[in-house]
Amino acid sequence: MRDDEVAMGFPSHWNIYITVENAEAANDRAVALGGKLLYGPLDVAAHGRMSVLQDPTGAVFHTWQPKGHIGVGVASEPGAFCSADLSTPDQASAAAFYSGLFGYELPPGDGGYLHLQNGKSGLDDSSGRPARGGLRNVPAHPGR
Numbered sequence: 001m002r003d004d005e006v007a008m009g010f011p012s013h014w015n016i017y018i019t020v021e022n023a024e025a026a027n028d029r030a031v032a033l034g035g036k037l038l039y040g041p042l043d044v045a046a047h048g049r050m051s052v053l054q055d056p057t058g059a060v061f062h063t064w065q066p067k068g069h070i071g072v073g074v075a076s077e078p079g080a081f082c083s084a085d086l087s088t089p090d091q092a093s094a095a096a097f098y099s100g101l102f103g104y105e106l107p108p109g110d111g112g113y114l115h116l117q118n119g120k121s122g123l124d125d126s127s128g129r130p131a132r133g134g135l136r137n138v139p140a141h142p143g144r
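Numbering (my numbering) for the sequence shown: 1 to 144.
To be clear, the hints were calculated from the coordinates, so they are not data collected in a lab. Ideal placement from N, C-alpha and C gives every residue a C-beta, glycine not left out. Be aware that a few hints might be false.
Stated by the list, open to error - Derived DEER-like restraints, expressed as beta-carbon distance ranges:
no. : residue 1 : residue 2 : range
1   : Ala7      : Pro107    : 24 to 32 angstroms
2   : Gly112    : Cys82     : 28 to 36 angstroms
3   : Gly109    : Asp4      : 36 to 44 angstroms
4   : Leu37     : Gly68     : 19 to 27 angstroms
5   : Gly112    : Ala46     : 23 to 31 angstroms
6   : Leu37     : Gly109    : 14 to 22 angstroms
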C-alpha cells in the first residue's frame, strides 16, 4: 500500500477498475448520478488514465481509460478474474447508479440478487456470455 493509505489507517483492500471510453466524461456522469470523484483522472504512464470514485452507497471503485493497456486479457481459465460483487445496504441506489454510469442491464438472480451485466455493450467474457458482476443487499455495518 502507499504510505498515505497506511497513515490513514486503510485496511488491505482490492482495487477494481472498470473500463471507460473517456475518463473525464465518466467522472462527470458519476457525479451527476450522485457519486463522488475522489481522485483523478490521472495518467498512469502510457498505460491509461484512472480515476477513483465513490458510488452513492459509499463503495469505492476505479475507472480505467485504456491507452497502451486495455486491462485483463485472460478469461475463462483457472486463475483468471471472473466476477466482482457489490454488497450494499442500498441495492436500489447502487443499481440506478451503475446502470446509469455504465449502461449495465440488471437481470434478477436468486434471493433478491441482481446481476450487473454489460450485455448491451456487446462485451463478453471470451465464452460468448455477457460478462457479469452482481449486487446484493446486506445490512449496514460499521467498518473495521
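TODO: Check each numbered hint from earlier against the structure, then list the numbers of those it violates in ascending order.
DONE: Of the numbered hints, 1, 2, 5, 6 do not hold.
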